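Asker: As given, the protein sequences belong to chains A and B, one line each in that order.
If you're matching positions, the first sequence starts at 478 in this note's numbering and goes up one per residue.
If you're matching positions, the second sequence starts at 478 in this note's numbering and goes up one per residue.
Don't read these hints as lab results, they were simulated from the structure.
Careful: at least some of the hints might be erroneous.
Any copy will do: because identical chains look the same in the list, a pair fits if it lies in one copy or spans two.
Said to hold, decoys possible - Derived PhoX-like pairs: lysine-lysine, alpha-carbon spacing no greater than 20 Å straight-line:
#, residue 1, residue 2
1, Lys999, Lys914
2, Lys551, Lys702
3, Lys645, Lys999
4, Lys745, Lys702
5, Lys914, Lys754
6, Lys554, Lys637
Every value quoted in this text rests on a predicted model; they were computed, and no experiment measured them.
There are 2 protein chains.
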Amino acid sequence: MRRFVISQAKNLIDQTRRRPLPNHKSLRLLSLAAASDSAPVLSSPRLFSSSSDMSGSDSSSSSLPVTLDSINPKVLKCEYAVRGEIVNIAQRLQEDLKINKDAYPFDEIIYCNIGNPQSLGQQPITFFREVLALCSHTALLDESATHGLFSSDSIDRAWKILDQIPGKATGAYSHSQGIKGLRDAIAAGIEARDGFPADPNDIFMTDGASPGVHMMMQLLISSEKDGILCPIPQYPLYSASIALHGGSLVPYYLDEASGWGLEISELKKQLEEARSKGITVRALAVINPGNPTGQVLAEENQREIVDFCKKEGLVLLADEVYQENVYVPDKKFHSFKKVARSMGYGEKDICLVSFQSISKGYYGECGKRGGYMEVTGFTSDVREQIYKLASVNLCSNISGQILASLVMSPPKPGDDSYDSYIAEKEGILSSLAKRAKTLEEALNKLEGVTCNRAEGAMYLFPCINLPQKAIAAAEAAKTAPDAFYCKRLLNATGIVVVPGSGFRQVPGTWHFRCTILPQEDKIPAIVNRLTEFHKSFMDEFRD
Amino acid sequence: MRRFVISQAKNLIDQTRRRPLPNHKSLRLLSLAAASDSAPVLSSPRLFSSSSDMSGSDSSSSSLPVTLDSINPKVLKCEYAVRGEIVNIAQRLQEDLKINKDAYPFDEIIYCNIGNPQSLGQQPITFFREVLALCSHTALLDESATHGLFSSDSIDRAWKILDQIPGKATGAYSHSQGIKGLRDAIAAGIEARDGFPADPNDIFMTDGASPGVHMMMQLLISSEKDGILCPIPQYPLYSASIALHGGSLVPYYLDEASGWGLEISELKKQLEEARSKGITVRALAVINPGNPTGQVLAEENQREIVDFCKKEGLVLLADEVYQENVYVPDKKFHSFKKVARSMGYGEKDICLVSFQSISKGYYGECGKRGGYMEVTGFTSDVREQIYKLASVNLCSNISGQILASLVMSPPKPGDDSYDSYIAEKEGILSSLAKRAKTLEEALNKLEGVTCNRAEGAMYLFPCINLPQKAIAAAEAAKTAPDAFYCKRLLNATGIVVVPGSGFRQVPGTWHFRCTILPQEDKIPAIVNRLTEFHKSFMDEFRD
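Chain A on its own, in the form it takes in the complex (with noise of 0.2 Å):
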C-alpha cells in the first residue's frame, strides 16, 4: 500500500509536469484522495487535460466569460454518481496500471458500477446484430454470398424493416416518433406480453430511456412547485433530471427490512407533507425491477400505486427497463399497463408512461442507445406537446429503433436463429441469476453486511454497518463514510461500486450499489477479492 502511494505520487509530479497548469492542484487532490481516502467530495469528474495554451489559466484569474456563477445554477445542483467520483478515480488508476504495473495490488480495474454488460464481456445476441448489420449495409442483401454468412430470418428481418422505411433509407430522419413499421411491432409485443391492446401511435421512440425520462420531466415541471415521487434509494437519472428541470424531487422511501418493499402509507405519508409545503406533485416514479434495489412488485402492490395514483391524479412513471431481468421463481414481471387495464382502467382514467430500453434486458445494447416510452391516457392536446418536443430532436437514431423492434419481436419457434436466440438468451439470464445469487450470498457473510436478495435489475444494494471510527476517519478525510469504503475498495482491490450516498438512502444508514455483471469466470475472483478487504477494512476500524 504504501508503494503504492508513492508511486502515486510520483506519477503525480510526473503528470503535473507534462500537464500544464490548471488542473494540477485538482489532479494532486484527486490522486492523494485516491491513495488516502482523504478527498474532498467533488462534484463531479475531472476528466480533462487542459489544451497547452490555457497554461497558468485558472477560473479565477481568467478573462473568459463563463465562470461557475454565471452558468445555469440547475446544471451545478445536478448530481450523477454512477459516472462521478470513484469512477473518474478508477479511470486514473486505470491509465496508471498500463504504466506501473507492479504499484497495485490488483492487474485490472473491475467496473460494477453501472449496468454496461457487454463492456464486461458479453456478447450480443447474433440474429439482432445481422439484421443491424444488413440493414446498415444493405448492398449485402442484394450478395448470393451473404445466404453463407447470414442466418435466412435476419436476410428475412431485414428485407421486411427496409420495406417499412420510406425509401429503404436507413439513413434519413425518420417521422419523430419512429420508424411507423417498427412501432407496430414494438405495439404488438407489447400486446403479446400484456394481453391487453397496444397502440403504435403511443410509442415514442428514443435514444434508449433517459431521453424519454428528460422529456416527461420537461413536460411536467414547470418550477420548484412542481414535485416528482420517487423512490429512494433511486437511480439518479431522476435526481439528475428533476434538479435540471427545476422541480422538486419527493422522496418516498422504500423499506429495506421487507426487501425494499413500495409502502402506499408512505406515499400518502410523502405526498401530503410535500402538497403542506405547497409543491403540487405531479408524478410518481416507479423503478421495476428496482434500480439500485433490486426488488420485483408484487401484482397486488402494483394495483395500490395504480389505485393511489388515480385516486391522487398524478401520472405514473413506470420505469421498467428491466422487464426481462427477473431471476427468482416467486416473482414475475407485470407491466403497469397491464395491470392498470386489468383493473378496468382505460385511457381516461390514467396518465400512465412505460419507459423501456434496449440497453438491459438479455440484450444489453447500451452503446446502440435505443428505447421507447409507451404514452396513454394524455389527451390529445398534451400529446401534441410531447410530439413537438420529440420532433425538436428530430428523431432517435434508426439502427437503435431497429433493435427496439427486435428486442420487442425476436425469433420465433420455426425461424432459422430460434434455437441460437433461445441458447443465448437463456444462458445469459441463467449465468446472471447464478451470479446474483453467489455475490447476494458472498456480501451477506460479511461482518456487519446485509443484502437483500436481487430478484431482478442487475444490481445488489447492500447495507454496511460501518464502525464509528470509520465514520469518524470518513469525516476527518471530508467524505461520505460509503464514500471512503467504495474508494478504499478501489484502491485495494480494483473493484468500482457506486456509494449509496449517490442514490440517496434513510440517513444514518450506509450502502453501495454493486452489478452483478463480472462474467461468470471472475466472480469467484470478486468474492474472495472483496471478502478479503472487508476483513481488513473491519479490523482496522472495528470499534
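Please build the complex by placing chain B on the supplied structure of chain A, with the hints as guidance.
Answerer: Just chain B now, with coordinates in the frame of chain A:
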C-alpha cells in the same frame, strides 16, 4: 402581426373546447384546411389516432391530471416549423394519395422541407456503411467470405476502430464524451482541416448537432434575463431550444440585399438594445454556411465576429454542420476556430463551441444521429459541468460515433476505397451545386420573387413579394401570408416547403425555405410545377 397571434391563441382555445373529436373529425378538418387554406394554425401537428377508449373524451371533460394549463409553459412556447403544420398536412395528403390517386393534380409528395438527403434518394457513401456493418456484426471479420464482400480498407478500418473500443464492445456505453480513439481521429481531422492543433479532450460526441446545442443552452441560460444572439432568419432549433430553456432570443438580422450579410454594426445595435432591457447576452450563435439562408461567410467577416465576441465577452456558438457543403468557387469554408487561432487568439482568449453533424455534408447520414461539438476556451471547472451534462445521458450512440470519426478521416489516396469514395463524394456535391443553381435561377424568374444564391448548405430562401390581395386572403384565412402561399403550393403541386415565418424574417417580408435535395432527374418537373403554380397564384391575386 399581433392580431394574427391573438387570433391563433383564440383559435387554439376554441379547438380545445370544440374537439371531443379525437381523430377522424380533426383529420377531416385538417384535410379540408389543406384544401381550402382555411386551416387554423396549430402550434404543432395532430398526428395521433387516439386509442379507442378515448372516444368522447376531451381535455375539458376528462378527469386526467395533465392539461395544457398545467404543463410547463416553456414547452407551449416552443415552436419548430421544420416539422410543423405544413409537413403535417403533407403527411395526410400522402396517406390519402394512396387511396384517392385521382383526386390530386400530382402523383407524389416531394419533401423539400427538411435537409434529409437520403429520404429523397441520395445513396450513402459505401465505405462508411461497410465499416458500420462490420462493426455492427463483428463475427463477419472472422469469415473469409467477408473479403469478397467488403473493400479491404473497410475491413482494416473496422479492425482499427474495434481495437480502440475497450473489449471491442460496440454494444457498451462509452466514455460520456465518446470513445477516445474516435475522438483522436476527429481531432486529427480538425487539425488537417484547420492547420491548428485540436485536442481530443475538447471533443464531445453527440447524437447529432441538436443535443449539443441544447446542452450549451442548458449551461448558459438561467432565466429570461439570459440572452442568445441569433441570426434572423434562423434554423428554428435555436429559437426552440432557447424557449425550452427559458432564455431570451436576441435577434440580429442578416442583410438580404447583400446576400444575407452579417453586419457587425447590427450585432452591436442588437446587443446594446438587449442590454438596455436588462438582458445579459451570453452567446452569439452563427450558422456558417447559413441555414436557411445559404450564405458562406467571408474570412474577413469571421475575424470581425471573433473580435466582437472577444470584446463583448460572448461565447461563440458556431454551427458549422454544413462545412462540406460549399458550391461556389469564390467562397470557402473556414472554421471559426481556425480563424480565431490565426488571429492569435488561444484558449484563454475566446470561448468557442463548434458543432458538426454527420447528417449534412455529402454523407447526409441523418438517421444515424451522430455529431460532435469541439469545446474550447472554457475553464476546467465549467467544462466539468459540461461533462456532467453529457454523463447524465451516458453517451451518444456508438454507430453515430463511428460515422463521425469516418467523416473526419475518410479514405486516403492509395486506399482500396479511395477512388470510389471520391467519385461518390464528388458526384453528390457537384450534383447538389447544379441543383442549387437550377432552382435559384428558376426562382429568380418568377414574378415578384428574388432569391440569393445558395453558396453553401442545402437550402434556398427566396423572398416572395406577395400581392396585397393574397395578404388579405391569408388574413381572412387566419394564416400567415407565406404559410398561405406554401399551403397553396402544396395542394397544387405536392411540393412541401417551409414558410419563412417559421424561421423569422424582417417583418412585412415573406419567404419560404426550399431544400436543393430532390434528385437531379426530378428538378425539371419541380421547376415546371412551381413555375406554373406561381403564375396561376399571381393571376389569382395580382393587385
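Asker: Give a verdict on every hint.
Answerer: Structure-based check of each hint:
For the identical chains of this complex, Lys999 and Lys914 are intra-copy neighbours only, at 14 Å inside a copy versus 63 Å across copies, given an alpha-carbon limit of 20 Å. Taking the shortest alpha-carbon separations for Lys551 and Lys702, both the intra-copy value of 15 Å and the inter-copy value of 15 Å come in at or below 20 Å. In this assembly of identical chains, Lys645 and Lys999 lie within 20 Å of each other by CA distance solely across copies; the values are 19 Å between and 44 Å within a copy. In this homomeric assembly, Lys745 and Lys702 come within 20 Å of each other (Cα to Cα) only inside a single copy, at 18 Å, whereas the closest approach across copies is 38 Å.
For a Cα distance limit of 20 Å, the shortest separation of Lys914 from Lys754 qualifies neither inside one copy, at 43 Å, nor across copies, at 64 Å. In this assembly of identical chains, the alpha carbons of Lys554 and Lys637 never lie at most 20 Å apart, being 47 Å within a copy and 40 Å across copies at closest.
Taken one by one, the earlier hints fail for this structure at numbers 5, 6, listed in ascending order.
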